[in-house]
Amino acid sequence: MSIQKVRAHISQNEALLFERSSPGKRGYQLPGLDVPPVDPAAALGAENVRVEIEGFPEVSEVEAIRHFTRLSTWNYAIDYGMYPLGSCTMKYNPRVNELVARTEGLAWAHPYQPEALSQGAMEVMARLEAALLEITGMDAVTLQPAAGAHGELTGILLVRACLEKRGNPRKKILIPDSAHGTNPATAAIAGYAVENIRSSERGTLDLAALEQAVTEEVAALMVTNPNTLGVFEENIARVSELLHRKGAMLYMDGANMNALVGITRPGDFGVDVMHLNLHKTFSTPHGGGGPGGGPVAVKKVLEPFLPVPRLKRAGKKWTWNYKRPDSIGRVRAFYGNFGVLVRALAYILAHGGEGLRNATLDAVLNANYLRKKLEPYFDLPYPLPNMHEVVFSDDRQSRRGVRTGDIAKRLIDYGFHPYTVSFPLIVHGALMIEPTETEGKLELDQFADALVSIAAEVESDPDLVKSAPHSTRTSRVDEVTAARRPVVRWKPASTGSQAAG
Amino acid sequence: MLEACGVASAEELFSHLPDEVRLKRPLDLPAGISEYEIVQYFRDCGAASAAGYTGFLGAGVYAHYRPVLVDTVVSRGEYLTSYTPYQAEISQGTLTTIFEFQSMICQLTGMDVANASMYDGSTAVPEAAMMAARATGRGGVLVARSVHPEYREVLATYARYQGMPLAEFGYHPETGALDLEDLERQINDLTAAVIIQSPNFFGVVDQVRAAAEIAHRRGALLIVVFTEAVSLGILEPSAAADIVAGELQSFAISPSYGGPFAGIIATREKFIRQMPGRLVGETKDSRGNRAFCLTLSTREQHIRREKATSNICTNQALIALMATVFMTVYGKQGLRELAEQNLAKAHYLAGKLPLRFSGPFFNEFVARVEDPDGLNKALLKKKIIGGLPLGRFYPELKDAMLLCATEMAPRKEMDVLAEVFSSAGVPSRLVFS
Amino acid sequence: MYPENFRYTKEHEWVLVEAGIGTIGITDHAQQELGDIVYVDLPKVGAAVDQGKSLGSVESVKAVSDVYSPVSGEVIEVNHALSEAPEKLNQDPHGDAWLVKVRLTAPGEISNLLSAAEYQSYIGAEK
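Residue numbers (the numbering used here), protein chains in the order written: chain L, 24 to 524; chain Y, 36 to 468; chain W, 15 to 141.
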């Protein structure tokens, strides 16, 4: 097997900060005080003053930079290679975004500073709002939510507030069985019961089942479009009509917007409220798990309920409008993940309208190319036209005792991050693959070749795959013991073992 | 590639979409611009801002020096562009730093377990309240008015549809600390949690032990909130708290007009399975080497769905890493020294102004001021941004302004501020009635 | 494999009834499907349980499964050994790793349950 891809650099061992610490080491230097020092006990009361921060590390600056640098070499990243993670849209994180987010006047802006000194920041938010409205075809947008799930909660609360104003908030939210886990979790927080809707055999929304399920008890249907199989819900406009006829609303999870930007707009196919994931479609970096941004776009009917405050134009200036009597209130303090908004806007400015549309074309082309290359080797449970992602199952490989999780681990030996494993739930043993527009043909071919090679290994040497990965810093970790007897913090002499040898 | 897909153009791949949903015109957005133009655009936005001003605002967002090492570390592609560490074998870097983060938060707060971050302090509060409801089986929540007003608004939004009746209890008009009698009056056997903040919104170091005693006597949990993380460098963490919910923005996270920040939830061992958000645990790999992985995932949305402890998925990992580097750079002694400097600066400034409350304070305090808006206008002329007029959140405190002085507040500007106050006729060292 | 004197549910629980007391557990099939068990969530002594309703849950690393009570009654004993060693459920699901003991309030309910042979063919058919 010839592995052409870069291998994760395996560096020397690195202990934890607490294990490298010793009293007296310093990594900092504060300027001298230009005012008289104050006795903490006198100012705060002796019982309020802590003796020390027990166990807290003390290391030098050199040790600090080496520590974090060495640890970083144990990570995979987009900067190293492709992440074929379905539903995550792991596209390139443009470095210019990092620069502009650190623009001094923006990075140091205090949310309570005078509006007259915040016009630049407000201009950024206003410009992003306008762009997102054009992209989604909706009427109004809030930039407050901190992530997709946060946006979902905001969206469902908006629906609830609107229905309450009409006299009846209703009792349930319909969610397809193919949905992301945040959807039902969100509905529960908003005080709604969840009713699952089974997908049709085609894997899309079952219109007949919906017809039955949508009653006067239903507040909304939450859909992802294209759905989590990467397939466009062709009946979406009729679904919307059905819901509206019964006084219910259509919520769209915008996680898969990367398949739609510039091609079609949710506002045009009947969506009432939706969230976007700035850390997916709009290139803001994942940073190991966040931050994100989850703006929520709505149709006019939901505008009065949007979180407060709203950006408003007053003459030649921007101002924050708090006079919003029907608002659901705040979903977080201040205005939103502003630093993330800056990055998303930079991405949009860089691409422009045509560039955004081209990105969509490339994303869908790339996914379809991979489908064609992999179809002969992996089972495709729902053979419909897919958009920006494609979902296979491990059906063929499972006959040799190899599951999707094993194949994913073996992919690591080929220098790739795994695809999304075991999701969506309607596919048993799913391999969910989304390349994004970032990947060129070379990378895609290498990825496809890797999977094809693994498929062959499954036939000739399944144990090799089942015991993968073989080339990483650690082998498969014991998640079972980690869950049975959780150790979630360092304690002196509790972690007897050394760092990985 | 098009050939492999059997199409003549990528456009054809969309032909299966129903015609009536297709956008039949280009997006009405300006054409893409160059990197240089992008930088210029944001530079211009940045210029229309408060650069060059000295600020004395706190109120939940604090101006602290950001050590250079922080951006050096988080700018590494391995941290910046990596994904959530679900695949442990190729994410040991992220997982190890999160484990260190969780450990340091426990050390700082005196709690047993801490999670890998919430969106921010304001959303950590309702998450903590929901935890308390799960743990006690009760619904009611009592929150102090001296908790950050916008945090309370967020709590109200979350609580509204969860069978979580919310009530507020007051602060003592002289000390600015908790009105414990009011708490005693309102608490009952349906109260799941009492939520207080220390130092509170007025900057006052509050009576955590006393509040805990009242809460625990009634079988309720005590949730302690903090917005100024640097205070943990010097203030004794409360052993009596059940859950700590806080904001880490002070730890090298740019104010950035309100976000992104990083919240945390820390608690006692017995509540670990009620915690929201990700948790990193220590384990071994198959060769017996120490390794880390995400754990107790069954609490989370991707497994438990509607019965999850929270709907949170994406958190604030990179921001938490900034805080981790900050905590590493300063370390045990540095955090203490930093806190002592904050204490000194704020007390110097407070010494020249009439104080509204008599309670002990860390780096924020409330000054008694007839016309806070007028005073702020005068200060702006000197390129100083004054404190937050409290009338916008507390109608009974129209004659008060919340000021903050951190290690970054220069003596010169503090003297100027005091001078502007006195020229406006604000007496210094007024004895509060 | 499946004890003759147990009764079974389609949700893969078993109950052994002796003198009005039902000992409840999950079947070997269930523990195999779940994989390595990491945590067991059980009711308190004194709690009421109803046939067909959830009495607790069993967790593996990647999944949670509700445990549905095969009988109605009052919990009189809980197997605390499982909180220290949830792995017992994988090792001995029909013996040492019983979950709870219940005093039956409706003994007639047992007729709703499957016999060992019926359960065996049920799971055979499921495949």
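FYI, nobody ran anything at the bench for these hints, they're computed from the structure. Misleading hints may appear alongside valid ones.
[Unchecked claim] Pairs of lysine-lysine, PhoX-like flavour, derived with a Cα cap of 20 angstroms:
#1 Y:Lys-305 to L:Lys-514
#2 Y:Lys-319 to L:Lys-514
#3 L:Lys-194 to Y:Lys-319
#4 Y:Lys-342 to W:Lys-115
#5 W:Lys-76 to W:Lys-58
#6 Y:Lys-319 to L:Lys-195
#7 W:Lys-115 to Y:Lys-319
#8 L:Lys-489 to W:Lys-102
Evaluation of the provided hints:
Distance check on the hinted pair: Lys-305 (chain Y) and Lys-514 (chain L) sit about 17 angstroms apart at the alpha-carbon level, within 20 angstroms; holds. At most 20 angstroms may separate the alpha-carbon atoms for a hinted pair to count; Lys-319 (chain Y) and Lys-514 (chain L) meet this at roughly 16 angstroms. Under the criterion of a C-alpha separation no larger than 20 angstroms, the hint pairing Lys-194 (chain L) with Lys-319 (chain Y) is inconsistent with the structure, at around 46 angstroms. A distance of roughly 26 angstroms separates the Cα atoms of Lys-342 (chain Y) and Lys-115 (chain W); the hinted pair therefore is violated under the 20 angstroms criterion.
At most 20 angstroms may separate the alpha-carbon atoms for a hinted pair to count; Lys-76 (chain W) and Lys-58 (chain W) exceed this at roughly 25 angstroms. Simply put, Lys-319 (chain Y) and Lys-195 (chain L) have alpha-carbon atoms about 44 angstroms apart, too far for the 20 angstroms limit, and the pair is violated. With a C-alpha separation of about 36 angstroms, the suggested pair Lys-115 (chain W) and Lys-319 (chain Y) falls outside the 20 angstroms cut-off, and the hint is violated. Proposed proximity of Lys-489 (chain L) and Lys-102 (chain W) is contradicted: the alpha carbons are some 25 angstroms apart, above 20 angstroms.
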